[in-house]
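Chains as they are written, first to last, in the working numbering: chain H, 1 to 321; chain B, 1001 to 1321.
Hints may contain errors.
What the hints assert, rightly or not - Once the Cα atoms are required to be at most 27 Å apart in a straight line, the calculated DSSO-like pairs of lysine-lysine come out as:
id	chain 1	residue 1	chain 2	residue 2
1	H	Lys244	H	Lys77
2	H	Lys317	H	Lys294
3	H	Lys271	B	Lys1271
4	H	Lys271	B	Lys1115
5	B	Lys1115	B	Lys1244
6	H	Lys302	H	Lys222
7	H	Lys271	H	Lys302
8	H	Lys222	H	Lys294
9	B	Lys1317	H	Lys317
10	B	Lys1294	B	Lys1271
11	B	Lys1317	B	Lys1294
12	H	Lys317	H	Lys115
13	B	Lys1244	B	Lys1271
14	B	Lys1271	H	Lys317
15	B	Lys1271	H	Lys115
16	B	Lys1317	H	Lys271
17	B	Lys1317	B	Lys1271
Claimed, not checked - These stretches of chain H come out as covered by chain B in the derived footprint (C-beta under 8 Å, 3 or more residues):
id	segment
18	278-290
19	307-318
Hint data in this document are derived by calculation from the structure and do not stem from the laboratory. The beta-carbon is built from N, C-alpha and C at its ideal position, and this holds for glycine as well.
2 protein chains.
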Amino acid sequence: MKDALTTHIPDFDDVIAAHERIRPYIHRTPVLTSQFMNELTGAELFFKCENFQKAGAFKVRGASNAVFGLSDEQAAKGVATHSSGNHALSLSYAAGRRGIPCHVVMPRTAPEAKKAAVRGYGGTITECEPSTTSREAVFAEVHDRTGADFVHPYNDPRVIAGQATCSRELMEQVEGLDQVIAPIGGGGMVSGCCLTLSNIAPHVEIYAAEPEQADDAYRSFKAGHIIADDAPNTIADGLKVPLKENTWHFVSNYVTDILTATEEEIIDAMKLTWQRMKIVMEPSCAVPLATIIKNPEVFRGKRVGVIITGGNVDLDKLPWM
Amino acid sequence: MKDALTTHIPDFDDVIAAHERIRPYIHRTPVLTSQFMNELTGAELFFKCENFQKAGAFKVRGASNAVFGLSDEQAAKGVATHSSGNHALSLSYAAGRRGIPCHVVMPRTAPEAKKAAVRGYGGTITECEPSTTSREAVFAEVHDRTGADFVHPYNDPRVIAGQATCSRELMEQVEGLDQVIAPIGGGGMVSGCCLTLSNIAPHVEIYAAEPEQADDAYRSFKAGHIIADDAPNTIADGLKVPLKENTWHFVSNYVTDILTATEEEIIDAMKLTWQRMKIVMEPSCAVPLATIIKNPEVFRGKRVGVIITGGNVDLDKLPWM
Chain H
1 MKDALTTHIP
11 DFDDVIAAHE
21 RIRPYIHRTP
31 VLTSQFMNEL
41 TGAELFFKCE
51 NFQKAGAFKV
61 RGASNAVFGL
71 SDEQAAKGVA
81 THSSGNHALS
91 LSYAAGRRGI
101 PCHVVMPRTA
111 PEAKKAAVRG
121 YGGTITECEP
131 STTSREAVFA
141 EVHDRTGADF
151 VHPYNDPRVI
161 AGQATCSREL
171 MEQVEGLDQV
181 IAPIGGGGMV
191 SGCCLTLSNI
201 APHVEIYAAE
211 PEQADDAYRS
221 FKAGHIIADD
231 APNTIADGLK
241 VPLKENTWHF
251 VSNYVTDILT
261 ATEEEIIDAM
271 KLTWQRMKIV
281 MEPSCAVPLA
291 TIIKNPEVFR
301 GKRVGVIITG
311 GNVDLDKLPW
321 M
Chain B
1001 MKDALTTHIP
1011 DFDDVIAAHE
1021 RIRPYIHRTP
1031 VLTSQFMNEL
1041 TGAELFFKCE
1051 NFQKAGAFKV
1061 RGASNAVFGL
1071 SDEQAAKGVA
1081 THSSGNHALS
1091 LSYAAGRRGI
1101 PCHVVMPRTA
1111 PEAKKAAVRG
1121 YGGTITECEP
1131 STTSREAVFA
1141 EVHDRTGADF
1151 VHPYNDPRVI
1161 AGQATCSREL
1171 MEQVEGLDQV
1181 IAPIGGGGMV
1191 SGCCLTLSNI
1201 APHVEIYAAE
1211 PEQADDAYRS
1221 FKAGHIIADD
1231 APNTIADGLK
1241 VPLKENTWHF
1251 VSNYVTDILT
1261 ATEEEIIDAM
1271 KLTWQRMKIV
1281 MEPSCAVPLA
1291 TIIKNPEVFR
1301 GKRVGVIITG
1311 GNVDLDKLPW
1321 M
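Modelling step: build the complete structure from the supplied sequences, incorporating the hints.
Here it is as structure tokens:
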């Protein structure tokens, strides 16, 4: 499954090319502010709302960059991936827009809303157990059988360059940011932020936010090498996957710090955002706000970009129900 | 409680003056679109998102217009109202911004989230039973005791002129609208739409959407005179109040038609909007979409402005739970 692409580190020219390539297939999502949230945190927060993105998450940026960068010959065999959810439906969406097959390996425990959305976009699902080990084994079988192009959810340089277009838009939309914070799972979004900001705004601090119960990136960052858990358990289901070599490159070189929050803090921050900002977002998106509330000394008085990563939540299984 | 103001019909100069007066205290809310919703309905829908408004609802427009139009002498005694919710917290918000007292009579059954928000803005609540009769009796006592200026939730010309600023913004934000649709309870928002559109875009059709289980406006419209129910029962708790003479003037003269939807249709449309558009909105806001889905022949091929009236919903009591 490893090829030349996966060990190529994307540069900012790749980001510019990605942005041109994907523009017809993505939204330039709005940035929302909230006086209540500013008063609560003592910071000026600018929420980049990728929950309003096509297919409901930022992952459509990276997926579209991969799909629309394929040669016709490669594209004919389709694309394949494993994903805990949003990359799966983003890749299905992008493949659908190009009219090529999309094969997805998903944990059987993934939210039904995400499985239905993948099928709605025309993707084909093969289920695996909810562990990294099972996921990779089942995927190998699907990949070998179909010959489809493997688009890794985050360790693919095409994907990282695509995700980097999000923070590029944010920098165009908000002047004078001091800090950007995003949730971290496999590190695709955070790597995209690092790629963009290290090139066009190297003074901006980059924070990553992670659930305490899936804190492998935090421990990796402190240890100086990748530590991977096989099956962490958190309500922030998009953040259960480990760092890989390409995202580790960016995280280890450009991230200022990684902060963590408990499940209760994440749920409180999620509910508060729904109540006060009137937006539907996933638990993963609440981890940054939870860590900002928990660490006021880090953010007080700063202008902070906060990436709201996606809105594909199962409304019948909200964490406060 | 009736004075000269309540029988004055506002004109478009009042709307322009209101817009200038309230601009520092309100948001110019965004207009969202959804390819999914367009494909579902066969219409082009433009959602004016007053759920993102200050205090979480369009009612802050009318309330602010009333509060900031008071003389200092009048203002010193404060303002008072009865309301099923959003007008209560909007008036509390506006009074708080001006630094004057706000007395609110609310049904004891109103959502806890709304009561807490009224108190959070500094309003004082007196509870009544959930019927129009009880509400008006309790209010008379509060009004007599405090001498506060009565700001009716919708039958006040200052309030109607304030609500009219919403459709004025919508017309600036979207070109070529054929129709506008809004939920109808007491008729404040619909009257505001009539006031604006009859002046600046008289070719635009105005539809009102009402729950079948609180269809007094529908029956009034068909009968040609006001019919009021005392205590209708619907999940759309903002729409339980009857038309009054000032709103009847606009509704009877300028509304194209009133359409109704069942509770189930309202809940389905609400959940669909949360799922696909990722916005938190009240059941009342889903009534227009429910009627658009139910009456495709009325809206197909049209450019339709849809007023999303508010987002103050109790997240612990969602109707599909």
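Hint check results:
As the CA atoms of Lys244 (chain H) and Lys77 (chain H) are separated by approximately 26 Å, the hinted pair is consistent with the 27 Å bound. This hinted pair checks out: Lys317 (chain H) and Lys294 (chain H) have alpha carbons roughly 26 Å apart, not beyond 27 Å. The suggested pairing of Lys271 (chain H) with Lys1271 (chain B) holds, with an alpha-carbon distance near 17 Å, which does not exceed 27 Å. With a C-alpha separation of about 18 Å, the suggested pair Lys271 (chain H) and Lys1115 (chain B) falls inside the 27 Å cut-off, and the hint holds.
Between Lys1115 (chain B) and Lys1244 (chain B) the alpha-carbon distance is near 25 Å, which keeps this suggested pair within the 27 Å criterion. As the CA atoms of Lys302 (chain H) and Lys222 (chain H) are separated by approximately 25 Å, the hinted pair is consistent with the 27 Å bound. Restraint check for Lys271 (chain H) and Lys302 (chain H): the C-alpha separation of about 24 Å stays at or below 27 Å, so the hint holds. Restraint check: the Cα-Cα separation between Lys222 (chain H) and Lys294 (chain H) comes to about 19 Å, which is no more than 27 Å; the hinted pair holds.
For the suggested pair Lys1317 (chain B) and Lys317 (chain H), the alpha carbons sit about 13 Å apart, so the restraint of at most 27 Å is met. Using a Cα cut-off of 27 Å, the hinted pair Lys1294 (chain B) and Lys1271 (chain B) holds, with the two alpha carbons roughly 16 Å apart. Restraint check for Lys1317 (chain B) and Lys1294 (chain B): satisfied, since their Cα atoms lie roughly 26 Å apart, inside the 27 Å limit. About 15 Å separates the Cα atoms of Lys317 (chain H) and Lys115 (chain H), which keeps this hinted pair within 27 Å; it holds.
Pair hint Lys1244 (chain B) plus Lys1271 (chain B) does not hold up; C-alpha atoms about 31 Å apart against a cutoff of 27 Å. Between Lys1271 (chain B) and Lys317 (chain H) the CA atoms are separated by roughly 13 Å; this keeps the pair inside 27 Å, and the hint holds. Straight-line distance between C-alpha atoms of Lys1271 (chain B) and Lys115 (chain H) comes to about 18 Å, which keeps the hinted pair within the 27 Å bound. A threshold of 27 Å between alpha carbons decides the hint, and for Lys1317 (chain B) with Lys271 (chain H) the separation of about 13 Å falls inside it, so the pair holds.
Restraint check: the Cα-Cα separation between Lys1317 (chain B) and Lys1271 (chain B) comes to about 13 Å, which is no more than 27 Å; the hinted pair holds. As drawn, the segment 278-290 of chain H meets chain B at 4 residues by the rule of a beta-carbon pair under 8 Å; at three or more, the given contact holds. Under the rule that three or more residues need a Cβ within less than 8 Å of chain B, the assignment of the segment 307-318 of chain H holds, with 4 such residues.
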